[in-house]
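Visitor: Single-letter residue listing:
2 protein chains.
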Amino acid sequence: MEKPLQIKFNSGVQEVTESNWTESETELAQRAFKIANERETRTLIQYACQRASEIKELDELWQLHDFLSSKRHEIEGKYDNRMSMLVFVFAQLLKEGWLNLDDLTGLGSDKLSKITALARML
Amino acid sequence: MEKPLQIKFNSGVQEVTESNWTESETELAQRAFKIANERETRTLIQYACQRASEIKELDELWQLHDFLSSKRHEIEGKYDNRMSMLVFVFAQLLKEGWLNLDDLTGLGSDKLSKITALARML
Numbered sequence: 000m001e002k003p004l005q006i007k008f009n010s011g012v013q014e015v016t017e018s019n020w021t022e023s024e025t026e027l028a029q030r031a032f033k034i035a036n037e038r039e040t041r042t043l044i045q046y047a048c049q050r051a052s053e054i055k056e057l058d059e060l061w062q063l064h065d066f067l068s069s070k071r072h073e074i075e076g077k078y079d080n081r082m083s084m085l086v087f088v089f090a091q092l093l094k095e096g097w098l099n100l101d102d103l104t105g106l107g108s109d110k111l112s113k114i115t116a117l118a119r120m121l
Numbered sequence: 000m001e002k003p004l005q006i007k008f009n010s011g012v013q014e015v016t017e018s019n020w021t022e023s024e025t026e027l028a029q030r031a032f033k034i035a036n037e038r039e040t041r042t043l044i045q046y047a048c049q050r051a052s053e054i055k056e057l058d059e060l061w062q063l064h065d066f067l068s069s070k071r072h073e074i075e076g077k078y079d080n081r082m083s084m085l086v087f088v089f090a091q092l093l094k095e096g097w098l099n100l101d102d103l104t105g106l107g108s109d110k111l112s113k114i115t116a117l118a119r120m121l
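Protein chains in written order, with numbering that gives the first Met the number 0: chain A, 0 to 121; chain B, 0 to 121.
I should point out that these hints are in silico values taken from the structure, not numbers from a laboratory.
Some hints could be false.
Treat identical chains as interchangeable: a pair holds within one or across any two.
[As the list claims (entries may be wrong)] Calculated cross-link-like contacts (lysine-lysine; reagent style DSBU-like; alpha-carbon spacing at most 30 Å): (1) 94 <-> 110; (2) 55 <-> 70; (3) 110 <-> 55; (4) 55 <-> 94; (5) 94 <-> 77; (6) 94 <-> 33; (7) 110 <-> 77; (8) 55 <-> 33; (9) 33 <-> 70; (10) 110 <-> 70.
Bound-form chain A, shown alone (with noise of 0.2 Å):
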């Protein structure tokens, strides 16, 4: 069984876990989830096509396969749909642009604040 997270916060040690999140704010979660996942898919997938289309010496492949590699193990570490995590995934997609404020719109101002000044210590 999963162990409860804990991070440092101005107002001292606080848990983020499962039990925190409500109902209305775990579908909301949810979506913003999937919305980033599928920008971020959208961008990656049109990336590596115009960038197949260029290459022309098998070096330039070899180098679009690392990028691959890179990309691959950074977004299978980083959609972690775990409720626990949710507040440092959607810090890290705030940072990284694919979420913005917006999407996250209806969550309770105390996972807001968490997850912008995460997103600003990241």
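Chain A is already provided as a structure; the job is to place chain B on it using the hints.
Guide: Below, chain B alone, put in the same frame as chain A:
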């Protein structure tokens, strides 16, 4: 220092080393090696580009990534340009269609017979 490789043939154990290649055979071999490499590279790049252009889902991008991982491993292992390995390399390339016998015209009949025999065994 590289030890001479030995292969067993109908005629007995024969060494396949650098010293077996005449100057003109070496030039011809280098040209054939390059031709095969260019053919396979060009085909691979075209294929990767075509596959990339058809990708709609992230899973398909990772399938392309897996394919490139496998091809990179295969190609980096296959194009071994040590003279002592050329008979084996050419046999493989002949079998796979990246070389044909016309590309090897000019090699001594001893080498051609080894290459074609090996290609049949692969």
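Visitor: Each hint needs a verdict: does it hold in this structure or not?
Guide: So, going through the hints one by one against the coordinates:
no.: 1; hint: 94 <-> 110; result: within (15 Å within a copy, 62 Å between copies)
no.: 2; hint: 55 <-> 70; result: both (22 Å within a copy, 17 Å between copies)
no.: 3; hint: 110 <-> 55; result: neither (48 Å within a copy, 34 Å between copies)
no.: 4; hint: 55 <-> 94; result: between (34 Å within a copy, 26 Å between copies)
no.: 5; hint: 94 <-> 77; result: within (13 Å within a copy, 44 Å between copies)
no.: 6; hint: 94 <-> 33; result: within (17 Å within a copy, 47 Å between copies)
no.: 7; hint: 110 <-> 77; result: within (19 Å within a copy, 55 Å between copies)
no.: 8; hint: 55 <-> 33; result: between (35 Å within a copy, 16 Å between copies)
no.: 9; hint: 33 <-> 70; result: within (18 Å within a copy, 32 Å between copies)
no.: 10; hint: 110 <-> 70; result: within (28 Å within a copy, 46 Å between copies)
Against the hints set out earlier in the document, a violation occurs for number 3 only.
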